[in-house]
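Visitor: Generate the whole structure from the sequences, applying the supplied hints.
Take a look at the letters that make up each chain.
Number of protein chains: 4
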Amino acid sequence: MMTTTTMRPEVLFGVDLDKPMSQQQIVGHNRWHPDIPAIASVKPGTIFRMECKDWTDGQIKNNDSANDVRDIDLSIPHVLSGPVAVEGAEPGDVLVVDILDVAPFPGKATSWGFTGIFSHENGGGFLTDHFPDAHKAIWDLNGVVATSRHVPDVRFVGIPHPGLIGCAPSHDLLNAWNRREADLIATDPNRVPPLALPPEEKNAVMGSLKGSDMQNAAREAARTVPPREHGGNCDIKNLTRGSRVYFPVYIKGANLSLGDLHFSQGDGEITFCGAIEMAGYIDLQVGLIKNGVNTYNMLSPIFRSSPLEPRYSNFLVFEGISVDEAGKQHYMDAHIAYRNACLNAIGYLEKCGYTGEQAYIILGAAPIEGRISGIVDIPNACCSLYLPTEIFERDVEPMKHSVSQKRQVAVTS
Amino acid sequence: MMTTTTMRPEVLFGVDLDKPMSQQQIVGHNRWHPDIPAIASVKPGTIFRMECKDWTDGQIKNNDSANDVRDIDLSIPHVLSGPVAVEGAEPGDVLVVDILDVAPFPGKATSWGFTGIFSHENGGGFLTDHFPDAHKAIWDLNGVVATSRHVPDVRFVGIPHPGLIGCAPSHDLLNAWNRREADLIATDPNRVPPLALPPEEKNAVMGSLKGSDMQNAAREAARTVPPREHGGNCDIKNLTRGSRVYFPVYIKGANLSLGDLHFSQGDGEITFCGAIEMAGYIDLQVGLIKNGVNTYNMLSPIFRSSPLEPRYSNFLVFEGISVDEAGKQHYMDAHIAYRNACLNAIGYLEKCGYTGEQAYIILGAAPIEGRISGIVDIPNACCSLYLPTEIFERDVEPMKHSVSQKRQVAVTS
Amino acid sequence: MMTTTTMRPEVLFGVDLDKPMSQQQIVGHNRWHPDIPAIASVKPGTIFRMECKDWTDGQIKNNDSANDVRDIDLSIPHVLSGPVAVEGAEPGDVLVVDILDVAPFPGKATSWGFTGIFSHENGGGFLTDHFPDAHKAIWDLNGVVATSRHVPDVRFVGIPHPGLIGCAPSHDLLNAWNRREADLIATDPNRVPPLALPPEEKNAVMGSLKGSDMQNAAREAARTVPPREHGGNCDIKNLTRGSRVYFPVYIKGANLSLGDLHFSQGDGEITFCGAIEMAGYIDLQVGLIKNGVNTYNMLSPIFRSSPLEPRYSNFLVFEGISVDEAGKQHYMDAHIAYRNACLNAIGYLEKCGYTGEQAYIILGAAPIEGRISGIVDIPNACCSLYLPTEIFERDVEPMKHSVSQKRQVAVTS
Amino acid sequence: MMTTTTMRPEVLFGVDLDKPMSQQQIVGHNRWHPDIPAIASVKPGTIFRMECKDWTDGQIKNNDSANDVRDIDLSIPHVLSGPVAVEGAEPGDVLVVDILDVAPFPGKATSWGFTGIFSHENGGGFLTDHFPDAHKAIWDLNGVVATSRHVPDVRFVGIPHPGLIGCAPSHDLLNAWNRREADLIATDPNRVPPLALPPEEKNAVMGSLKGSDMQNAAREAARTVPPREHGGNCDIKNLTRGSRVYFPVYIKGANLSLGDLHFSQGDGEITFCGAIEMAGYIDLQVGLIKNGVNTYNMLSPIFRSSPLEPRYSNFLVFEGISVDEAGKQHYMDAHIAYRNACLNAIGYLEKCGYTGEQAYIILGAAPIEGRISGIVDIPNACCSLYLPTEIFERDVEPMKHSVSQKRQVAVTS
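Here the protein sequences come in this chain order: A, B, C and D. First residue of the first sequence: -19, per the working numbering; consecutive thereafter. First residue of the second sequence: -19, per the working numbering; consecutive thereafter. First residue of the third sequence: -19, per the working numbering; consecutive thereafter. First residue of the fourth sequence: -19, per the working numbering; consecutive thereafter.
None of these hints come from the bench; they were simulated from the model. If a hint is listed, it holds; no wrong ones were tucked in.
When chains are identical, the list treats them as one kind, so a pair holds in a single copy or across two.
Keeping only pairs whose Cα atoms sit at most 20 Å apart, straight-line, the calculated SDA-like set for lysine to any residue is:
hint : residue 1 : residue 2
1    : K270      : E377
2    : K308      : L177
3    : K331      : Y276
4    : K232      : G25
Guide: The structure is reproduced here in structure tokens:
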């Protein structure tokens, strides 16, 4: 008889929330580098649990001041749990990852999360010119439901996911990243905020690497902020429980790492620290498709969505085009178009009684959808933002009833 | 007793498919201008029908040659039906429009649509560097289902909608459009394709305007290609039957016009002529919210989504980042990121046996979703493309069964 | 080149709404019998249109009196369009039917439907002891949306479907039906209303059968009221546009017939004439699976649901158990349990300002779901009724906001 | 500043899985009686956790023998956690319960569940005449996903819920239950299995009641098997995380109890022990609507569905009518109709390679939907069973591809 005990999640990576990542019993990492040794190796088919600190390594506290968001040290994030090697994985294979669970740690002290608006000085968020100052909202996470003492009359079911997950790059891939990002930085090297973040030895945490190995690796290791072709910090909210992700493998063992758990997020994660950020755990099961990269033309991760997402069905949708706030026409700029859609939604929510910051936080944290609607109609891209009305415990629909009554008595001439 | 006859759709605007828009009994328009007279005026509450030619005014035929797509005269589109005035509407009001139905004309000769890949010479589509030549697919529209003799093993339920709908601009708004678009063109006036389309008197159709009034208006009237803050050519597939749209009103009477009906469309409408384009009709009911623009901060249209959309639930999702095909890093460019997501999806579908052009057409025409996933993680925007697997009558999932069997026999060490 | 014209819906069966079924150019039928000749024969793969009268053959009018419902002649329904033979179909095959479209006839005089509460004298509805008198609501059908001057503040998207569809029975199957229903009637032959309806020669319409052939067939032909193993009057709302139905074939040619079109319906169709009944058309495509009955153990129809249903997501759910209104305990009686769930919903809606009859009609006509929840917990079956709150334009949720505010200030002791 | 610590779930009721309910530190109950003292009292607004044993009090083991199911002692279930009193609750109020989380206990030894087919001797399930012998399937519960070594190629996301939850009855209500159920039993007192279960002193667990109080209460306390108007053992799968339930209050304090946690269930829970039964915990938040029973006509619980349910979209649907297996016609019997729908689905799944018992277990445990379709068309009720095809990792659709290809080459004559 087959025993079931082999199928239970084993904690491969545990964390002590009172210690920084660099002092954990098993040390994770906060840079991408192929030489960071795996913390464990598992066979295909294994189910295991990874515990994670929040992406800032505990810099943000459950209180009512945003000073911690303002003063965050950005050389520390994202602290990642892993890497986990998978037996038999080789470059060109595809690593299949079933996401089985994502949740905050249970208990009074840990079932909370935060959404931060970054201040302009440390990079800001998507709307930093409109919201230059740091703000913070603390969310209570009760089972599947999020509420916040800082955002009244909002209550929704989260869509928990890892903001950041991917396999280690090969040396070649790492070099390509560094080269292309350096080229970009070189176009405006003194820009504040910078165009991209170069490797940064300070505060690098490199797993079990030591001494000169560690220093050499840290000098060239990639920062974790951007998503890249291996996945990484994609911040795709739909990588939730029940989804299956296919990752290209670049080095022997695959070396999967992850972190930046979110209890929920709106598409775009627009406040930068924009999801409901949390510490917690994730349960995974891994498999392999040998030579899958070539079989499926898999140049970057593909995933199959989950049947278990919050399915709100009544949306108010806001549109934006690529004309900037000064009225200047830009050419097919989906970035500006989505910014306008966000600003239009915020302007609307202000009429519903929210402050701009609260509205901004709602768009970053709740399961809103951001869509590329029209992207070929020169010169304007059109993006749209889908706001589920069911997350509000106040009425946010435009004159729902009175319009309708007016329409009932109207007749044609 | 109240009679129901006042509630039936009256055809306010009819079309003869054998005649160009300029020769219809009631002439529509193909430029935006506040002076184009309304073709009818209705009271709030009225339900009415508008018939529409396809956006090209009938230039594309139901056959197997793409020459008509290649040779299209772009000074003609989009031919619009309207404007319809609403009694009592004044600048600052919000026009409420319930979309009740959108469908092709019934009958053998008319229940079809087309998807075109534009050739590079006349602007091309979103992936024109990869697909520079004109292609065309003809779709059979049978009830709610679309199939194509040019795209095998694809069968899906459409999401019919007007690609283009909005109220007439005021003179001030029109001037702002012309000024900002001229400024953009001036940055590279000889570019092919152009950055934007200036007013074009040739082939302008201006409703019932005549003589010098017509000529003067045509010289400054805005082209219909881009979406703008009044809505216009938004190509938002979710403006489907059952949705309610709120439009800002800029001139007395509101003057609502529409056209460019689509039987279905993927987000982005990426082949340019990328939806399933069709002639057909749309049924609407209108209402008014007096002074709604100010009440709701409504700087551009807002809509409430419909409960009646095709709801596929099993998606394969492709990711893209803002690194271009040459490996160059771009800064937060959602345009390039979405292009990569599209290319990744096409590369995958080629492994499923489709040609690149077929895959491109599928992404443009089927109800795929294009999402802005991460838009704050310098330097990479991350966009994602959600492809419903249920539209395929061949298996497109990566090794669904064999992976799973492998995982069942695997055990932890 | 393949021409598309072969794929367009041809009207195989047309109706003149001003004439009874017996006087149509092509006469349909209102009884089930294997000898009724097919009105046409089509090859597998054919797409065709069937026009239908409403199930009562036009006895109900668009006015504000329920006398027509009260006085209906029940020997006439259901008038069916067909039968259509499929070439090559033989007993034991499975007929595959794609439902492509279902809609009312366009135009002022025809885009309406009715919901009737039957009076106790002619059978009554599911709650006839509570609502013994005839009532009627007329619905305006505008595109995909239904509203009624008789049911205020209700507005929803319909789920159009044929209430009745199936293949002709073989002689053996017909005999089995007649035998078992006669046995049931014989247990209480004088019951009012009767337990079942025996064959009835009066008012039988038997297609093109004439003379003694017609009389002989009419004497033994089965009534159309009940659903049976061939499908028939199943009143399954989910047989809507986009679904695919698999029917067992009992005679050569299959002989598919259908009628009783509904614009919408709640599960159970509880007012008897409980859907939104309408005249209209249905577009179908047929296929064959040879010997499918045995291959798939298909003892009665199977269907694949459509991706295009109205998807309301916020439901109020009412429960019922098998204790009757007098407090008497019944054993595992899902009928009584569902009746209680319906009564509980009606009691609730009365508190929202609806009359009992209006509430009853809403449950019959709107897309509510009726579920068998617990069916093994002696002695009570438990059924539940899912009422979508989004169909109401008045607030029907219990103290949504005030409860929530109360909960926010509460603290644990 | 408001502290968040008051909002964290406190464990009001803990369980030791190695001890029977009668020996827990806080003793729950397995009968309904108003005199069972509350184990705690909370203010409205409180969030708290209740731990639960599985419904059988641990009689079923994680092994491959069904002997434990066969030999179960049915005088023990259902063991319930509670009652919890709510301050201020009085008869006629409505208790509002938000279900925040339901999950198995984490860890190797506890993250599993079972589905049992009961043998005919101890009552059997819904299809006991077809499946008279005991069977058992063990499910591995990994995060949100269930798989079973006893049911190959099935993998689905659960819909966790309490099978049993409700407020304590008043003495009057209890008496009414006992009276009506005794009346039913008296109609066939020696029936095996019995028509209903009378009060049973043996093995009664009555919370902290002692001595003669306990004995007196046990003699009249209601068994927990049936759902009743207070809710109780409703086995409604949609009472899942994110739903809000409104319960009538019958006694001071309301005294809410619950248990019988399910990781998943099909509508009807047809194998009797038909859900995925588990031990685990549930997190709740409670509120009050004073005098709500009268305000809302709330004769039995009402709930608002959750936005977080597994949303499979592709269903195969099986129909059943009220003709029994011997061909006998029954009058409007939804019980028999649903049984036929279940048998038809099982017959189909047998053709897909499952044993009858496996198919039966799938229908009981997976999130299938059971619908009352037609319930007014004499003499046949029609019920339907919606089987999501996406839960299978083998192809279960009827000739999906070959049928379709056949249709493509077919043309009309």
